[in-house]
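Order-wise, the sequence lines are chains A and B.
Each residue of the first sequence is one higher than the one before, counting from 1 in the numbering used here.
Each residue of the second sequence is one higher than the one before, counting from 378 in the numbering used here.
For the record, the hints were derived by calculation from the structure and aren't laboratory data.
The beta-carbon is built from N, C-alpha and C at its ideal position, and this holds for glycine as well.
Possibly wrong hints are sitting among the right ones.
Short derived list, chain B residues pointing at chain A, Cβ under 10 Å [claimed, not checked]: (1) Tyr470; (2) His616; (3) Pro621.
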Amino acid sequence: MSVTAAPAMIDRAGLDALVAALVAQGRTVIGPTVRDGAIVLAELDSAEALPFGWGVELDAGRYRLARRDDGAAFAHSAGPQSWKNFLHPARERLWSAERTPEGDVSFTAAEPAVPSYAFLGVRPCDLRAIAIQDRVLTGGRHTDSGYAGRRERALLIAVECTEPGATCFCVSTGGGPAADPGYDLALTETDGRFLVRVGSDEGAALLDRVPHRDAGPDAEETARDAVDAARERMGRALPPVDLRTLMGASLAAERWDDVAARCLTCGNCTMVCPTCFCTTTEEVTDLTGDHTERWQRWDSCFDLDFSYLHGGPVRSSPYSRYRQWLTHKLGTWHDQFGTSGCVGCGRCIAWCPAGIDITEEVAALDAERTARGTETD
Amino acid sequence: MTGVPVPYRVVARRPETADTVTLRLEPVGAALEDFAPGQFAMVHCFGRGEIPVSVSSVQATGGLAHTIRAVGAVSAGLCETQAGDVLGVRGPYGVGWEPERARGRDVVVVAGGIGLAPLRPLILRVLAEPVTYGRVNVLIGARTPADLMSRKEIERWPAAYTGVTVDRPDQEWRGDVGLVTTLLDRAEFTPTNTVAFVCGPEPMIRATARDLASRGVPRERIRVSLERNMRCATGHCGHCQLGPLLLCQAGPVVDWADAEHPLSVREL
Chain A
1 MSVTAAPAMI DRAGLDALVA ALVAQGRTVI GPTVRDGAIV LAELDSAEAL PFGWGVELDA
61 GRYRLARRDD GAAFAHSAGP QSWKNFLHPA RERLWSAERT PEGDVSFTAA EPAVPSYAFL
121 GVRPCDLRAI AIQDRVLTGG RHTDSGYAGR RERALLIAVE CTEPGATCFC VSTGGGPAAD
181 PGYDLALTET DGRFLVRVGS DEGAALLDRV PHRDAGPDAE ETARDAVDAA RERMGRALPP
241 VDLRTLMGAS LAAERWDDVA ARCLTCGNCT MVCPTCFCTT TEEVTDLTGD HTERWQRWDS
301 CFDLDFSYLH GGPVRSSPYS RYRQWLTHKL GTWHDQFGTS GCVGCGRCIA WCPAGIDITE
361 EVAALDAERT ARGTETD
Chain B
378 MTGVPVPYRV VARRPETADT VTLRLEPVGA ALEDFAPGQF AMVHCFGRGE IPVSVSSVQA
438 TGGLAHTIRA VGAVSAGLCE TQAGDVLGVR GPYGVGWEPE RARGRDVVVV AGGIGLAPLR
498 PLILRVLAEP VTYGRVNVLI GARTPADLMS RKEIERWPAA YTGVTVDRPD QEWRGDVGLV
558 TTLLDRAEFT PTNTVAFVCG PEPMIRATAR DLASRGVPRE RIRVSLERNM RCATGHCGHC
618 QLGPLLLCQA GPVVDWADAE HPLSVREL
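The shape of chain A in the complex, shown without the other chains (with noise of 0.2 Å):
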């Protein structure tokens, strides 16, 4: 392994020699880019699409683009997509089934074109986020082989945060805006340069193929210092006490009836999550009511027919359903995969289109549950 070479530094030429080597590969290079008034995740042909120059500016309910003095390509935080988009899409053919004029039926497995995507840009939330999609879609007794396949395939090019959003709070979920292991490069931009460091040896083979040199200690310290300087400008953070508790001991609280006068339910924040992992089924047939067929499509525990029973949903009330999403996501989540289902990226209060603002509304069940009396961290 090659992962303990010392970092290399590339300038503009170097990422652009690095796509080029993607897209060279036969890979689908999906980064961000400039779109419909957002930095969306599309597909890339050249380094020359990223948004170079952009910004965003973040609050509750809010998302605008904005111009910035420098032209750094990475300087914006998480926009309305994740990687899930990808590796977890929106709608997937499961099987199919013939049914013969005999009445005997067959099945078969949809055997999608597997892509071999290189994502560019992940942000250390992003990188996490796919982390914990492993654990829930491959990690348990079954694995979802279409995940798999992607995820396999999928070379992960991360990105460091420098430029934390309003509505960030990665530290406070135990992250931050250094890339953890899981990449295959991880790139530090500092003033039109990159600093690389290699965390496979499959992104090692890909440095080579790109002009760089190596970085030297003072661009090293000089990503560091950019990186823990964005640890110090998160916009928001989680009340440092143990979630899972304050979820367990909260499944009464008022707080609920507060926060569902102002839900809609719409489920834009399980959309936009980037380890909101359900889905349901549908049942498409032909004309000929002889050709049948399974597709998986994305679902959100806001939908009334997400719990729906012979007789009604079991979950009706808007406070149900904004209580199971927050319990789940901060607490239960760690009964299911040992692990929290938020890294903190504030894309669901970005896109709030009420505003609602998840760190909020857990700062106002802590209080609550101090005000009751019953701490039991």
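Chain A is already provided as a structure; the job is to place chain B on it using the hints.
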């Protein structure tokens, strides 16, 4: 992505009540792995969809039986199938009754309505091994006499105590009337050395488990079968959550010790 269903042919269709049928299935080709009592399958009705259904019979030949009440589009479609039709089946999924946990102990089986179906293979298992298990009690409740399934079969079971009660009797009914828990007074068991198996509507499960616990049956020896919306059965769709439990993985049969709290929270 979930597994792909395996074709099973309906070889017999027996109406149980006005809205419930039992389908006997045999594999068209290779059979699925053996199902344990209390485990469930995802059963596919062509062009309609898939639902989770516990097994109500497990044959050594690889044959299965599912007892299905028509309550929605898929279950109604399955109930309309006829002998010769082919269905898709995935499984086995989930944690079953685990009758071995009752070895050397008294057994109390409590069924409400169609809840008897998933209990049936368990009852047959414990009755077939009288030396292994203590006294076997089968308590059955239904809304009306017309909702009672397997009545002939019930009478033949050599249980220490078999009780049947209905909520609303008809003209001919000469048996017990009232909640199924009222039969517990007549059942023959030593609570501290008993394993109970309970399946039925959720309010009935709650009432029965609480009653058993108050009589001294340890909460971790009261096994209850729970139901939630379920799409994948493989732990990935998120629908079957009940608090900390993903019922397709941790259940459908769970200990009352684990179910009591989640079931006590409204709309959890």
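Status of the hints after comparison with the structure:
no.: 1; hint: Tyr470; result: holds (9 Å)
no.: 2; hint: His616; result: holds (6 Å)
no.: 3; hint: Pro621; result: holds (3 Å)
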